[in-house]
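Undergrad: The listed protein sequences correspond, in order, to chains S and L. The first sequence maps to residues 36 to 386 in my numbering. The second sequence maps to residues -17 to 664 in my numbering.
Please keep in mind that the hints were generated in silico from the structure rather than gathered at the bench. Any given hint could be a false lead.
[As the list claims (entries may be wrong)] A few chain S residues that face chain L, going by a derived Cβ cut-off under 10 Å, partial list only:
#, residue
1, T40
2, K41
3, I45
4, K47
Cβ atoms here follow ideal geometry from the backbone N, Cα and C, with glycine treated the same way.
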Amino acid sequence: MSFVTKPRIIHKSLKRNALGLTVRDYEGVATTLCAGCGHDSITAAIVQAFWELDMPAQQVAKMSGIGCSSKTTGYFLSAAHGVNSVHGRMPSVTTGANAARRDLTYIGISGDGDSMSIGLGQFAHVIRRNLDMLYMVENNGVYGLTKGQFSAAADLGSQTKKGEANQQPPIDPVKTGLAMGASFVARAFSGDKEQLVPLIKAGLSHKGFAMLDVISPCVTFNDHETSTKSYAHTREYYHPAIHTDFIPPSEEIVAQYDDGEAMDVKLHDGSHVILRKVDKDYDPTDRGRAFNYLMDAQDRGEVVTGLLYIDQKQGDMHQRSGTASKPLGRMEHEELCPGSEVLKDLQKAYR
Amino acid sequence: MGLHGCCAASFELAEEIFEPPGTGRWSSCGVWQCKAGPHRVILRTFAPVLPGICFAFAGPRDQGSCARKLIEGPRPGVQGSKLKPTDTTKPEYFHRVVDCQYACPAHTDVPEYIRMISQGRFTDAYMENRKSNVFPGILGRVCDRPCEPACRRGRVEEKPVAICRLKRVASDNRDEVTDRLPKAPEQKNGKRIALVGAGCASLAVCNDLMPLGYECTIFEALGIAGGLMRTNIPSFRLPAKVLDEEIGYIVDMGVDLRLNSPVKSMKALLDEGYDAVFIGSGAPKGKDLDIPGRWDSDRIHVGIQWLESVAFDHVESIGKQVLIIGVGNTAMDCCRTSLRLGAENVKVMARRPRQFFKASAWELEDAEEENVDIVVNHSPREFVVEDGVLKGMLFDVMEYDLDENDRVTDSRVVGEKLIPCDDVVLAIGQENAFPWIERDLGMEFDKWDVPVVNEITHESTLPGVFFGGDAAFGPKNIIWAVEHGHQAAISIHQHCQGKDVAERLPNRMNLLATKMGPYEWNFSNHFDGSERRIVPSVDLVTRFKNLNVEVELGFTAEQVAAEVERCLNCDAQTVFTDNLCIECDACIDICPVDCLGMLPDAEEQVLRDGLKAKATNIQQQLFVSGPLKHTARLMVKDEDICVHCGLCAERCPTGAWDMQKSRILIPYAADHADSKRWQAKS
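All chains, full assembly: derive it from the sequences and hints.
TA: Shown next, in the form of structure tokens:
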């Protein structure tokens, strides 16, 4: 890591958002990841997305588990809340946090190891709960922090630096998310911020569980010629199926789209996601067709990216449980714990 | 379908070659089918970033000629021309990045000497200065400092590095340098050079030519060497000791300095058979103000002559109330000198508002600190003299209309004002004058009656006669005169060796590695946010006791330590190798001042606007790489406020960015004399 700190100076022509902040105000501490790590690019995209959303940092909770990916929550939004939890257990901790403070915006950063190996069960259940959060998988196909063993997301046939091929089929976060019933499933590439930033903004604005798998090359252990998660390979097989334009509630849609070419999805907070399709017959609201499309693309070795599936109708955890609209964490003690008499009445109702 | 090859292409051309998926620009994003073959490209508009430009992700590696046509076609918004990758092997590119050095007429290697000071190598820093500017002690006090307004630090925050005063630090703290000074050989080369005037230009010529074996003879009208440095700059700014020392370094090489020897006839001088003549006689004629009353009193003085009289103790006092007419640097010296000769109330009278003042900002500040009153919008009308006694001066009070660029569109007189005074000093400019050059010698004079002088060779139309300093192109300053001296010395050498004076060695550029280890460089790349230090000065009572009390004390050790760290090391260049780049964005993400971007090929203005922080300062260069290997985008860098922190290189996984120290090699007369010496220079 660098010994010098990033100078606290800015370019005079750097823009300010509605809060009067520059993008620099959304940064965190200096990264300790390897130089050239895809995760750092994703961090920069997250910083950009929060800045563009005019989001106050104190409205945000950053959640993570263990791994290179999970370190990245330190590198953005220094003033936000956050928990760096146990390996693979970030979904449960986030569920607890969200249960108490439903008024915050949750962003969980995980990796392919944290989510597809030790945390797979938690991953499945947080989808099932449709917890209102953006869940990002920084997917590099290896366990970077333990020196580059294949992860469960490594592609079949992908080789290590020394030339050994992976013999086991991957667990694909996107197909898993679709199969588990996630209400927002997207994939992006750390090397294409033009696509990544609007997807992060859409995921943060989506009411419910938003799963965003980001191919993020491990520059130290998985960026060689025989890797399928390298910068070069991802760029060669990159297939943006859908272009996403995010339009915040305060802005009007000015662009003209022809029928059938673009789809306007209005999110709960009033913002719009305009999906411009590369393949005309792709339908991002049809879970089955999305799945088939991904299977076909996988056969061709393509890395399909974009907002691949969205469902606005599922209610999130709070809606399903009928919890109070006031965050539990904001309630006075008397309101939260009305006393033994009320408890007795409640227990009576179950007898 | 992959991302191999991309470009900003014109929409019209794309439509010629490919079939779009829909109609209208927005819906055209998607797969475009080649009209002639099976190839496909994906097009998407980057409307928010680059208005009106299509960004084509062209298909698999073996794409057909259709994609190539798109890539090689004209860029949107520009007719046919293509932006060539920046050629950083040309000395000019990195030279320009070092703003201070580039702005310095003599190209003093500022970052290098500041680093030497930071290491406590004051003598080395002094010698580094002396190589290019010859008079570091003098210039460290009174230089016009073109480097400071150019300093990048002044764009990053408000104030530039105190480059000039750090030069004085090198000079004040140096050890004995006699052993390291150039020496004249015992064996002369038989060529005799005559120099007119013992000012900075002539001395700089001698500095360069004496070590080559030339015999130099200076003819000086006054009884002491130094020219305007001696007579026009008051000793409270430039002590005589400093002048004597640095002039001595040159004269002591064996210059034949003939004092009290004014040249009265150019023809006579030429007849003496010198191999070359250098005229560095300055601009010694102060402008006069011929308005009513001018010749009715002996208390009206011409600035530069008056300063000269003060310097030679011919004038030792002045009246209580003094008016200075004019607001150039000479006016500042006149008003401050008046205060030391007994004046109590000094007013500097300006015809126009402050933004039109010719004086350097710091000289104005120094004068105002001494309670000099600067009065604007007063245009002199007449001197009021009663019974031969100067009573005051009558002014027209002016009003000006300015446009948005501060240009005067209209002016009018709105009143008049009589300001009483005992003395008036005129400081409204100076000119060069050559009454001693006969006009029938074959030397061409222009319509302003000054000799026609070649700007590169400094030769007049009379072969073998060269001009430099204020005598060449009118009043400039010391550092320009020194540079003229260097250039004239080259010409004189070429002339004396029978070579073409226009045949001159080009500049060269060296790049040296600065990497010492992982995240370690041999320069201080940590950005220090300290503010510019202010030079301590003698209090406002003591400084007026004697004309010779030097006002500025020079930086303290603590101030030096802070000020040197403010230098951004602009000579630690960010060097980019395009075929190493894997387009991971790490450099772009880390750059604190957002000066980097990866953009599709387009004309320069589009690239400038496409950066996250727009590159609006067109005085500053844009670095543009060749096409990158994955997407054919270009790495673009705006040099404007790069703080040379090296973080792009520290975060680069492949070494595509590297920090390398540039050193511009500038040829002097000695290099023209010895090609081996020049080739060995690094």
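Undergrad: With reference to the structure, classify each hint as holding or not holding.
TA: Hint check:
1. The closest approach between the C-beta of S/T40 and any C-beta of chain L is roughly 8 Å, which is under the 10 Å cut-off, so the hint is satisfied.
2. With a cut of 10 Å, the hint placing S/K41 at the interface with chain L holds, because the nearest CB-to-CB distance is about 5 Å.
3. At about 7 Å, the closest approach between the beta carbon of S/I45 and any beta carbon in chain L falls short of 10 Å, and the interface hint on this residue holds.
4. Interface hint status for S/K47: upheld, as the beta-carbon distance to the closest one in chain L is roughly 8 Å, under 10 Å.
The structure shown violates none of the earlier numbered hints.
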